[in-house]
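Chain by chain, the residues run as shown.
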Amino acid sequence: MSKFNRRTLLRGALQGIGVGVALPLLDCFLDTNGKAFAATGARLPVRFGTWIWGCGFIPELWVPSSTGRDYQMPEHLKPVESYRDQLAILSGFDVKLDGVPNKPHVTGCLGLRTGVPVPNENVKAPTLDVLIADQIGTGTRFRSLELSTSGIQRSYSYRAAGSANPSEVSPLALYKRIFGEGFQDPNAMAFTPDTEVMVRQSVLSAVGEERRKLMRQVGVADRQRLDEYFTSLRQLEQQLALQLEPPAPVQGFVMPDAPPSTSLDSEMGNVMQNHKLMSGLLAKALQCNQTRVFNVLLSDTTSNLRRPGATTTHHTLTHEEPDDKALGYQREVAWFAQQSMLAWKDFLDELSSIREGDGTLLDNCLVLAHSDCSIAKAHAVEGIPMMIAGSGGGRMKTGFHLAGGADPITRVGLTVQQAMGVQVERWGALSMETNRTVTDLMV
Amino acid sequence: MVTELQIPPLLTRVVLAASLLSTAILVGCDSKSQVAAEPEPVGGPTVMRRLTESQYRATIADIFGADIPVVARFERGLRAEGLLAIGTGESGMSPFSIEQYDAAARSVATAAVSPGKRAVLLPCQPQDDQIFDAGCAERIVSDYGLRLFRRPLSSAEQDQFVATVQQASEQLHDFYAGVKHALVGMLMSPDFLLRIERSTAGESDTDGELQKLDAWSKASRLSYFLTNSTPDVELLRAAAAGELDSEDGLQRQVERLIRSPRFEAAVRAFFEDMLQYERFADLAKDPSIYPAFNSQVAADAREQTLRTVVDHLIARQGDYRDLFTTRKTFLTRSLGIVYRLPVVTRNGWEETQYPPDSHRVGIQSNIDFLALHSHPGRSSPTLRGEALREIFLCQEVPDPPANVNFAVVQDPSNQSMPTARDRLTAHRTEPSCAGCHKIMDPVGLTLENYDGLGSYRTHENGALIDSSGSLDGPDFNDVDGLAQALHDHPETPRCVVEKMYRFAVGRDTVWDERAYMDYLIHRFVDVGYRIPELMQTIALSKNFFAINPDSGHGVTNKHASAATEKEVRL
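Protein chains in written order, with this note's numbering: chain E, 96 to 538; chain Z, 12 to 581.
Errors might be hidden in some of the hints.
As the list claims (entries may be wrong) - Coverage of chain E stretches by chain Z, computed from C-beta distances (three or more under 8 Å per stretch; other residues unrestricted): (1) 252-266; (2) 296-309; (3) 327-337; (4) 360-369; (5) 399-413.
To be verified - Now the stretches of chain Z that chain E is said to cover, found in silico as 3 or more residues with beta-carbon under 8 Å: (6) 83-95; (7) 98-108.
Unchecked claim - Sample of chain Z residues lacking proximity to chain E, with all beta carbon distances greater than 10 Å (derived): (8) Thr-57; (9) Ser-125; (10) Gln-138; (11) Leu-183; (12) Ile-269; (13) Gly-446.
I should point out that these hints are in silico values taken from the structure, not numbers from a laboratory.
Where is the CB? At the ideal position from N, CA and C, for every residue including glycine.
With the rest of the complex left out, here is chain E (with noise of 0.2 Å):
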């Protein structure tokens, strides 16, 4: 396997030879230990994601009644005590407003992941995702993948003001963009590079050189979005060099079929099928590489999820419901709180059902969910739920109840970007700027 490199295969293919290059298919491409591969002694890859519901949830119902390990699974969370030592959850923590007026329901949202509150859209840091991605995600075709299953065209993934990436809303139009052209099944038979793929390449690189001549041309402001112009067309110009390689054999992947095509609206029933099936075909491109990064919107921060033949959507509802005599809480609103998390036990099933190792995809995961808000009738930033799934390949302890004592929620993403290798001593501003870790997370 050595023995070839990629620039003899390019010489051939330069000089118009075919080559078809047969690949084996090891029985067993892993160590002993089942963390990395035998034949490189490349690791395991470690993969970050982000999964986000919105409108918070009803505190009596989620947020569990002791700390630790032997913590009592609250009713809501029950769909997921399978996962319990897999899972860490986080309450009490809250994004410091210092002042800073809360836009509902996306204030809290983008000052959790980004550090620094904000009265709008227009985020003052990149998202925490983004710096994970820059970090770990530069080497697969896609930097980051990005989901929302509500039939929102949005993401809270930002790299500046003005740069969300966009996400897929359709999941045949994710299987298309992951799985059609420009895909290498990574075990397939033979590998012959193509000659086209690599003029592409040479093509966008030249695009790429004429970088300084345009940065001098343009103001201040214009050269950070020509930066991000170029830094996106390297990920491209990426994306056509992996074609070049054969790609790293992946141990029992099995290219998946075509999704049906699904009504893309916020009908419970109609989101919790297309988020089951956008997570299964996120969970086979993480495990074939495709990307070590993601970000998974169930329900917007504004919630517009239904039940059919309803006249309100959840956010309204959390407005407008009066709360239940008996139940004491807002009986509608905790039936979509309730959804939110069944759907949580989905995304987590889809990554636990590939076995990577000696363990499962989820393993090597490290999955930040969270909320926009804690009580979303009055859009408080205090408080916003929180878990972590999965420990990062070994990077993270999980398994307990945590509860932040209203500490700045900043420390859970600085914990969480330290996890992922990012060089980051200090984040976040005023009330929020911390260099505390939360060491309970910290193996």
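Since chain E is already given, all that's left is putting chain Z on it; use the hints.
Only chain Z this time, still in chain E's reference frame:
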């Protein structure tokens, strides 16, 4: 009226937003002579704008032909300061959009060099299809470079793309493949995807420190503003000949573009932006509540209003304000079902009038507006009131307060509060909500006779709907009254003028431009509120091309909008 006219326009807007002053401060009136000439240009920053999806598609169609496929999913535009046009100057470029531009570029270039097209589209043929032909490559690169970059290529760029043709031809043993990859390179270049404007020093004229756009940047500004597409061959010729720098030459080109059939695309682009039509991508209605809604209805609804706008403003040279009172419209059979109006034409569009008893008058009573600003399962007086003020009157409604006690608000199926008016009245007892709801609801409640899809109704939950309302002036009882109020509102013409100028330059107005805005508004009044004349005035004005290198993006009217918010809260 003189004193009123000296009030900076934005402050006027603020005061009127709060509807606290009488509507006596009308723009225009009898003061035409005072502002007949354009004030000294003040200029703004150069703006680096991304092509919108419709501009990209139109540009490709103009250069390569309408039958060349653009196979890509475009990233949704960024809406900034109320317009996608301003977002084009602020948005970044995600990896997703570069992937999609690559797909688009390859589909275009592959089709352009295909055996069926190459003879038509390329200016020359190589001696041998398989061998690089330097002379032909140079011609192709030079011709398409000019069209795609909207300026001549520099000699370095020319050499670079000819080298691309050569290398790719040799690697792939196919001259046309070489051309294809060079075209992809141009289509992926920032010089194509972004409109990078370049200015020249103001030299010896009276502009002082101001700079002007160079002729090529002028041609692009004109062309994308007046045709929503790339400069055509004649405009590029005029730019090369220096004609855009003379008043006569500029006037010839502007009049030519406005008279051309391509002008309609510009008017459509402006109204699609103003009416926030990108939101159609997210529009969903509950099928069990609104069984008449489907994707055809949605597509026809937006086309209905655009047809009405184009017919009224261009074909009939109508008064902009009459868009809010016209009964003239266009319908298809699928729309007829929602409007409950007979449509004789079996396939396609029918020009018609809303009958006097149909409760429809003006574009604000069309279902595109009513359905876009509603929930999936019900109408929303608040969303409609907010949209009507922001879209047509340029009045900003602040976000709801974050920490609100909603305890007073009851379940919508509660029999004691069957209508939206009942529920909102309860809501308005909360002082922190009352300020803004007082601004949004009275106008939104008049539209309560339309359900969440826009169909007419008289009852909600069995109770008669009271559609009385008001809009910064006399009260009214129905949509006819609302139509007249919108028509007569002093902010209606001012708002469209401001939006049109911001659309044209792709940025917010700067503070020093308030005299210029007054000039535009007075001209608009003088020409009978005609949109094509407004666009012509802008395109011919010195300020449209003036560049002030010191006015960065940040120099906008932030303090004015903060004041707006404060006033509106009253």
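How the hints compare with the structure:
1. 252-266: With 8 residues in contact (Cβ-Cβ under 8 Å with chain Z), the coverage given for the stretch 252-266 of chain E holds.
2. 296-309: Held - the stretch 296-309 of chain E has 7 residues with a Cβ nearer than 8 Å to chain Z, which meets the minimum of three.
3. 327-337: holds (count 5)
4. 360-369: Held - the stretch 360-369 of chain E has 3 residues with a Cβ nearer than 8 Å to chain Z, which meets the minimum of three.
5. 399-413: With 9 residues in contact (Cβ-Cβ under 8 Å with chain Z), the coverage given for the stretch 399-413 of chain E holds.
6. 83-95: holds (count 5)
7. 98-108: holds (count 9)
8. Thr-57: Since the minimum Cβ distance to chain E is about 7 Å, Z:Thr-57 lies within 10 Å and the statement is violated.
9. Ser-125: Holds: least Cβ distance 16 Å, greater than 10 Å.
10. Gln-138: holds, 21 Å
11. Leu-183: violated, 6 Å
12. Ile-269: Holds, because the least Cβ-Cβ distance between Z:Ile-269 and chain E comes to about 30 Å, which exceeds 10 Å.
13. Gly-446: Holds: least Cβ distance 15 Å, greater than 10 Å.
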